Amino acid sequence: MDLFNFRSLVILLSAVGCCNGQSVLPAGPLEGVQGKNVTFKTLIMPTDVGDFITVSWNFNGGSGLVPVVTSAPKGETVGAGYAGRVSLNSSTGVLKLGPLTAKDSGDYAVTMVTGAAVQRTGVTALKVLEPVTVVTIKSNLNEAVEFNSTVVLTCSAKGSFLMYKWLNGTAPLVADGNHVTLSANATVLTVAGVFRKDLVGPIYCTASNKLESDSSAPFNLTVSYGPENIAMTVTPTAEVQKKGSNITLTCSAQSSPAAVIQWIHNGVPLNMMGPKLVLDNIAEAQSGNYSCMASNAKTLRYLESTTAKFTVVEAISGTKITGPNGTLVAGNSTATLSCQASAGTAGTRVWLKNGVALSPSNRVVVSPDKSSVTIKPVQKEDSGEYQCKLTNAVNTDSASLKIGVNFGPEAVSVKGDSAVEVKDRVTLKCTSVSLPAATYTWKFNGTLTDVMTAEYIIEAAVYKNTGIYTCEASNAVTGLSNAVAHKLSVKEEGTLDNDLTGGQITGIIIGVIIALGAIIGVVLHMRRKKRQGNSSY
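The sequence shown lines up with residues -21 to -1, 1 to 516 when you count with mature numbering (1 follows the signal peptide of the UniProt record, and there is no 0).
There could be a bad hint or two in this list.
[Said to hold, decoys possible] Using 27 Å as the maximum straight-line C-alpha spacing, the simulated BS3-like pairs for lysine-lysine come out as follows:
no.: 1; residue 1: Lys222; residue 2: Lys106
no.: 2; residue 1: Lys75; residue 2: Lys189
no.: 3; residue 1: Lys359; residue 2: Lys332
no.: 4; residue 1: Lys299; residue 2: Lys359
no.: 5; residue 1: Lys221; residue 2: Lys299
no.: 6; residue 1: Lys470; residue 2: Lys408
no.: 7; residue 1: Lys82; residue 2: Lys106
no.: 8; residue 1: Lys394; residue 2: Lys466
no.: 9; residue 1: Lys349; residue 2: Lys332
no.: 10; residue 1: Lys189; residue 2: Lys106
no.: 11; residue 1: Lys288; residue 2: Lys221
no.: 12; residue 1: Lys443; residue 2: Lys422
no.: 13; residue 1: Lys443; residue 2: Lys402
no.: 14; residue 1: Lys381; residue 2: Lys349
no.: 15; residue 1: Lys53; residue 2: Lys20
no.: 16; residue 1: Lys299; residue 2: Lys222
no.: 17; residue 1: Lys117; residue 2: Lys176
no.: 18; residue 1: Lys359; residue 2: Lys288
No lab work stands behind these hints, which were simulated from the structure alone. Computed from a prediction, not measured in an experiment: that's the story for all the values here.
Please construct the entire structure, taking both the sequences and the accompanying hints into account.
Right, here's the structure in full:
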């Protein structure tokens, strides 16, 4: 039977229903790898083996039916394109096909006819899988700006029946449908308004089929952001800085790429860039407000820090008190003390006298700015050490000046006996309070003597020494003098022995008191002893 007649028979048998309705092929589809072989097995029972007159395999890849191989009593016929690629077992209908090409994918049908004209058929599908290779990620951008850029990543690969997945590091990349979206076949990943951490990953694309999978090279995209979280510090932190000291300002901001730092003083940009500003040996002109500005050339954004303010103050030094050049005389002179410093400005001034705060009075007047003190007129109690303390925010400096007020003589007095006996030694001592110390002269009965010391001494009194002795104390600076008189009587020897002096009277009184106390003590002792004797009975 030729092939034409055989096919006609098959068609005829099919038309009249001379066939078994059960498929002779297992459920498909089959899968094979390009370049390798595949075996189409059948469900023929052992009792049916060898009972088939004809076995025919056909292929439909979508362009119509194509003969693969047919086995008939007169021999085997191999279809075009299958020579050397097929092997048919005519007893079981099993077909081996290979090496496979991508074009072998499609539907395969077998028709088997027995000697009893019973037709057995079956249809299955074959998928020829190409190996997964050349998995790549392409981006629509080389650089991105956070919040502004939309990044589109496209994954491509060679292979068949591919499925795609995206990984962020080792974790699956999850699309939320808004910020991150995936195309239907997952080959396109879109990140709208990209965040800095979205694509740090690194990002991988994995392409796979049922046989194998492959991943792309790691993908990273630089996402520029910032500046943000700007912070500035000043060291030292005091709001008042001493002139000549050193100040360091530092500025930091989160930014990628690193922000450019510009320094600003009192609203004016300085010609100083970088994260650190060092001010050495600062001057008062450098007082004011400082801030830093961070800018990013990629994001075109900038951010200014909060303002730090400090004042540069010169330390007070060279404090000096200037006072009166002339001599000060109590009751006549005026003293003006002025306090100034050669450097620095005082915020407060304090005057002290002998370590105690100076109290203003109707004579002691402190100027409104406390730079001077005027004492008018000076008195002896104004003598002492005057101190001026100048203080500002960075230090205190002081100076002192001693002044002496000349006064007196005052409280002139003469101490000595008013009556002596002939041949007694007489010492009259004159004292006074005076600055400078007074000089003394003595007069006897109104006649100036040649004694010019504070003591007037008579070695052996005679009757003619009786009289009035006048001591005159003089102060050459104040031009003042003061005198006091003392009466002395010289009496016959022995006449003053019966006369008790004040000291002698005092001694007698003390002796009487002591004797009286002793008597009282003896009486008390005797009474106590007597009581003790009575109590023994």
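Hints, verified against the model:
1. Lys222 to Lys106: violated (88 Å)
2. Lys75 to Lys189: Status holds; Cα separation ~21 Å.
3. Lys359 to Lys332: Holds, because 14 Å separates the two Cα atoms, which is no more than 27 Å.
4. Lys299 to Lys359: It holds: about 24 Å lies between the C-alpha atoms, which stays within 27 Å.
5. Lys221 to Lys299: Status holds; Cα separation ~21 Å.
6. Lys470 to Lys408: holds (21 Å)
7. Lys82 to Lys106: Distance of about 10 Å is within 27 Å: holds.
8. Lys394 to Lys466: At roughly 11 Å apart (the allowed maximum being 27 Å), Lys466 and Lys394 satisfy the hint.
9. Lys349 to Lys332: holds (14 Å)
10. Lys189 to Lys106: Satisfied, since the Cα-Cα distance of roughly 11 Å is no more than 27 Å.
11. Lys288 to Lys221: holds (14 Å)
12. Lys443 to Lys422: holds (14 Å)
13. Lys443 to Lys402: Holds - the C-alpha atoms of Lys402 and Lys443 are around 12 Å apart, at most 27 Å.
14. Lys381 to Lys349: holds (19 Å)
15. Lys53 to Lys20: Holds: Lys53 and Lys20 sit about 24 Å apart, inside 27 Å.
16. Lys299 to Lys222: Given pair Lys299, Lys222 holds - Cα atoms ~21 Å apart, limit 27 Å.
17. Lys117 to Lys176: holds (19 Å)
18. Lys359 to Lys288: violated (52 Å)
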